[in-house]
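Assemble the whole structure, with the sequences as input and the hints as a guide.
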Amino acid sequence: MRDAAGALSPWIWTIPAGVAAAILAMYFLKTRRKPVLVPSTYLWGKTIEDHRVNALWQRLRRSVLLFLQLLAVVAATIALVRPSWQGSMLHGGRYVFMVDNSASMGATDVVPTRLEEAKRRVLALVDQMGSGDTAMIVSFAASARIEQGFTDNRERLRRAVREIGPTSAASSLDEALRLCAARSTLAAPTQGAGDEAPPPPKPGDAAAPRRAQVFIVGDGNYPVVAEGLVDQLDPVFIPVGTTTAENVAVTGLAVRRAESSTTAQALAKVRNLSPAARTVDVELHQGDRLLDVRRVKIASGTVSDVLFTVADAPDGIWDLRIVDDSQGVDHLPVDDRAWAVLAAPEKARVLLVSSSDRFWRAALATDEARRWCEVTLRAPSFLEGEEYERLLATSTVDLAIFDRCRPAEPPPCHTLYIDAVPPGGAWRAGKKIDVPQIIDVAQAHPLMQNVSLSEVLVAEAVPPIGPTGSLVLVESDQGALGLVAPRGGYEDAVLGFALAASDGTPLTNWPLVDGAGFEQFTLNVVQYFGRGRVAGGESVEPGAPLRFRLDRRTDRVEVTRPDGAKEQVVRSQQGEFAYYATFEVGPYRIDDGPSFTVNLFDVPESEVATASTPRLRVGNAEIVGQSNWEPARLEGWKPFLLIVLVLLLGEWYIYGNRAGL
Amino acid sequence: MPEPLLTPETLAHLERLDLVSRKIFNGRFKGDRRSARKGRSVEFADFRNYTQGDDLRFVDWNGYARLDRLFIKLFLEEEDLHFYGLLDASPSMEFGDPTKFYVAKQLLAALGFIGLIRSHRVRLETLGQSFRASSPAFRGRHQAWRMFEHLEKIEAVEKTSLVEGVRNFGLRNPGRGILVLVTDLMDKRGYDEALRYLTARRMDAYIVHILSQDELHPDVAGDLRLVDCEDAQVTEITVGDSLLKAYERTLSAFLAEARETCARRSLSYAFVDNRVSIEKFVADTLRRQGLTA
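Chain order of the listed sequences is F and C.
The opening residue of the first sequence carries number 1 in our numbering; numbering runs sequentially from there.
The opening residue of the second sequence carries number 1 in our numbering; numbering runs sequentially from there.
For the record, the hints were derived by calculation from the structure and aren't laboratory data.
Don't be surprised by glycine CBs; every beta carbon is placed ideally from N, CA and C.
Hints are not guaranteed to be accurate.
With the C-beta cut set under 8 Å, the calculated list includes, among others, these residues of chain F facing chain C [claimed, not checked]:
| no. | residue |
| --- | --- |
| 1 | K34 |
| 2 | P39 |
| 3 | S40 |
| 4 | K46 |
| 5 | T47 |
| 6 | G287 |
| 7 | L290 |
Distance windows between CB atoms, simulated [stated by the list, open to error]:
| no. | chain 1 | residue 1 | chain 2 | residue 2 | range |
| --- | --- | --- | --- | --- | --- |
| 8 | C | V234 | F | L66 | 21 to 31 Å |
| 9 | F | V74 | C | E236 | 45 to 55 Å |
| 10 | F | L80 | C | E236 | 31 to 41 Å |
| 11 | F | R82 | C | E193 | 55 to 65 Å |
| 12 | F | L66 | C | A253 | 20 to 30 Å |
| 13 | C | S266 | F | R32 | 28 to 38 Å |
| 14 | F | K34 | C | E3 | 28 to 38 Å |
Keeping only pairs whose Cα atoms sit at most 27 Å apart, straight-line, the calculated DSSO-like set for lysine-lysine is [claimed, not checked]:
| no. | chain 1 | residue 1 | chain 2 | residue 2 |
| --- | --- | --- | --- | --- |
| 15 | F | K269 | F | K297 |
| 16 | F | K46 | F | K34 |
| 17 | C | K153 | C | K280 |
| 18 | C | K245 | C | K280 |
| 19 | F | K34 | C | K245 |
| 20 | F | K34 | C | K153 |
| 21 | F | K46 | C | K188 |
| 22 | F | K46 | C | K159 |
| 23 | C | K280 | F | K34 |
| 24 | C | K245 | C | K188 |
| 25 | C | K245 | F | K46 |
And the structure:
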């Protein structure tokens with residue numbers, strides 16, 4: 001924080017002190033008048049009096065003292081009214097102040113933090129706004145947030161600035177600029193009482209909304225911004241931070257238990273973002289228990305992989321810490337710790353409804369498929385039983401595969417239909433076709449990755465006709481044979497041909513197991529549709545939502561944040577829980593459920609040392625930071641005060657040497 | 001031995017002069033002065049008809065014999081004249097070369113001498129005297145030296161204002177006569193009220209306004225701190241041409257005002273500086289003023 005007396009540094013006080021001393025000196029050096037005893041000063045007194053009265057205007061012309069006094073009074077008056085004028089950087093009287101509150105703004109290379117310094121600068125800018133000027137306050141990290149819409153109420157602006165808090169998220173200037181571009185050029189921005197009222201429409205004015213001057217106050221470690229945005233806004237970048245900031249960060253942590261073993265491994269990536277090499281201790285904890293410690297030396301700008309192997313490793317949240325090594329400072333504490341969850345792998349639950357398990361047994365027998373899913377096989381008659389009714393009421397299944405059959409109503413999960421179309425009016429079955437030629441496969445879609453159908457022949461097929469928005473997965477010369485379409489929060493995939501007839505006669509030569517055959521397609525289906533099941537251990541970026549499902553029939557769970565606070569999360573209509581308040585790094589625990597971790601793991605954000613010439617990269621162009629840019633309004637009272645002091649000195653000098661009349 | 005106020009030559013010239021009053025005053029003693037009042041002197045003045053009660057000793061019996069009518073012979077009354085000299089003995093009079101005070105004493109000595117040789121009653125007082133402390137009265141040529149000594153003993157140390165001095169003088173001397181007030185009129189409280197007192201006394205009053213050459217043509221330059229000798233008031237000036245011109249204008253206005261004020265109050269005004277010849281002033285200026293003859 002800037003010193004309160006910073007505006008008037010101590011040496012400034014020597015000027016008035018010197019002036020006072022000079023005035024005193026002139027007082028003592030004043031001309032000593034020769035005393036003369038006279039019979040009476042009666043006539044002289046009258047003379048002076050008459051002279052003053054009669055010669056007022058003549059003296060006005062000649063009295064340097066009076067002239068100086070008048071000048072001093074004028075200058076003092078001007079100084080008192082505190083003249084100021086707008087600097088050339090401001091125009092329009094409409095501003096957007098964008099404050100970066102990403103994780104890197106928590107760096108302490110600027111005391112107390114970069115964020116506080118940025119807020120101080122924005123507050124100074126708010127103070128310098130002229131009457132009638134309006135401004136908007138935006139904070140941005142992973143996402144942008146309008147803290148205060150356009151208003152001319154400075155107190156509200158100041159309050160909004162003061163309430164901006166730090167986050168642990170990465171920076172996304174692009175989104176913030178997009179938001180500003182949308183808001184600052186809108187003709188009628190309103191944010192409640194006291195905010196700027198929409199300007200009355202004027203003829204010919206609609207196409208030229210008032211542009212706002214955008215100020216970006218941050219440390220400048222931003223990804224490249226889309227070029228068109230900046231053309232529209234022409235922002236001023238005010239960098240905060242130092243070029244000598246030091247940081248050692250954990251940029252990655254993964255823990256994995258060896259299959260069928262009590263041994264677990266943790267791999268950490270520790271990056272030195274300081275100008276010099278650093279030696280740090282990397283500690284691995286689980287709760288209060290210290291599992292292992294490694295001392296690593298990392299050269300400047302390099303990353304070091306630290307591998308821990310822990311025997312008898314218990315499940316739970318593992319905590320990696322970089323311990324300060326006393327050789328240097330670490331200006332960003334948020335990336336000195338990382339968390340990971342070690343838990344038993346949880347498999348996707350797949351319901352297979354088929355009259356024959358011949359092909360599926362082969363496809364789901366691979367190691368990879370067994371690692372990913374747990375299959376329940378049911379006959380088509382299952383669809384009319386109570387068990388299916390129960391299934392409809394919960395969402396304990398992640399994927400349902402209906403082979404040549406279909407339920408009366410769609411289940412609350414993702415589905416794959418083989419030679420059938422989903423129930424409801426959205427899907428229709430086309431006319432049966434014979435020997436369609438497969439001509440294209442959507443290899444880019446996860447369901448069809450690594451799947452080869454170029455040699456596959458199909459004897460007969462019923463092309464499905466999907467709802468609007470359906471995506472073709474497999475296309476034949478006679479229509480689409482494979483489609484995928486969304487259904488609320490789920491997706492339905494349909495293959496329009498069967499692998500075998502009801503009597504077991506093969507209807508296609510699609511290989512069951514050859515590395516790119518039916519087993520690969522099945523694995524894709526399981527992995528793609530089973531991804532919603534988060535078994536725990538997933539790490540997300542700060543600010544990113546946590547989505548998870550629970551087997552329990554509950555509509556509400558409690559999430560415990562890293563600081564111990566608890567929050568209720570309600571199940572969505574799609575049976576999914578989503579928690580969005582992941583602003584802090586650390587472990588998030590769910591009652592009777594899995595745990596998640598939020599880690600920064602963002603190298604640009606951890607790279608706190610600013611460039612010697614901070615700049616924003618905008619497309620191919622750059623905006624150079626103006627670190628000294630603070631006064632938007634130029635104060636002019638100081639020169640006038642100086643003039644007053646000089647005039648006083650001159651007046652005293654003249655008065656002391658040439659008195660009176 | 002201090003220089004005498006008047007030289008023998010001056011005294012010789014003064015012996016030819018007399019004091020003249022424009023008003024008729026009743027003296028207490030018969031003097032050498034012919035009064036406008038008809039009286040018992042030997043000098044015939046006029047006749048008038050006899051009226052009952054007139055003194056039969058003044059009946060012109062010769063005329064009665066010729067004209068068979070009674071006439072009374074009127075003779076000019078010879079009476080003495082009261083001459084008052086009132087001296088401003090404030091410290092401001094002690095300036096000039098010679099000082100205004102010395103010249104004022106010379107003037108009063110000359111006028112007093114004329115009064116003495118004409119057998120008038122002469123009383124010389126100062127403004128600083130209280131209303132009870134009268135000065136001795138002089139009469140007759142033989143008291144001239146006493147009068148001179150009395151004058152010489154007076155010092156310019158009084159700080160009584162002009163108004164108070166004149167009022168006290170009036171209280172001390174209720175009679176009529178000729179009054180010559182010699183002053184510089186440099187009283188910051190003004191002199192108009194003092195002159196009003198004099199007018200009220202209905203005396204034949206003369207104001208002799210005396211200023212020194214230093215006051216008329218001040219020889220000053222530079223940055224000065226003027227200190228008033230009476231009240232120590234300080235006035236700082238830086239002398240320049242404009243200031244000297246302004247002073248001259250102020251002085252002219254001051255003199256003109258004094259003259260006008262005296263005229264308005266029927267007082268005779270005469271201005272004199274400290275370089276004046278007393279003999280010439282008395283015989284010339286005051287003769288034109290009607291004080292001497």
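When the hints from earlier in the document are held up against this structure, which numbers fail?
Numbers 6, 7, 9, 13, 18, 20 and 23 - these are the hints that the structure violates, sorted from lowest upward.
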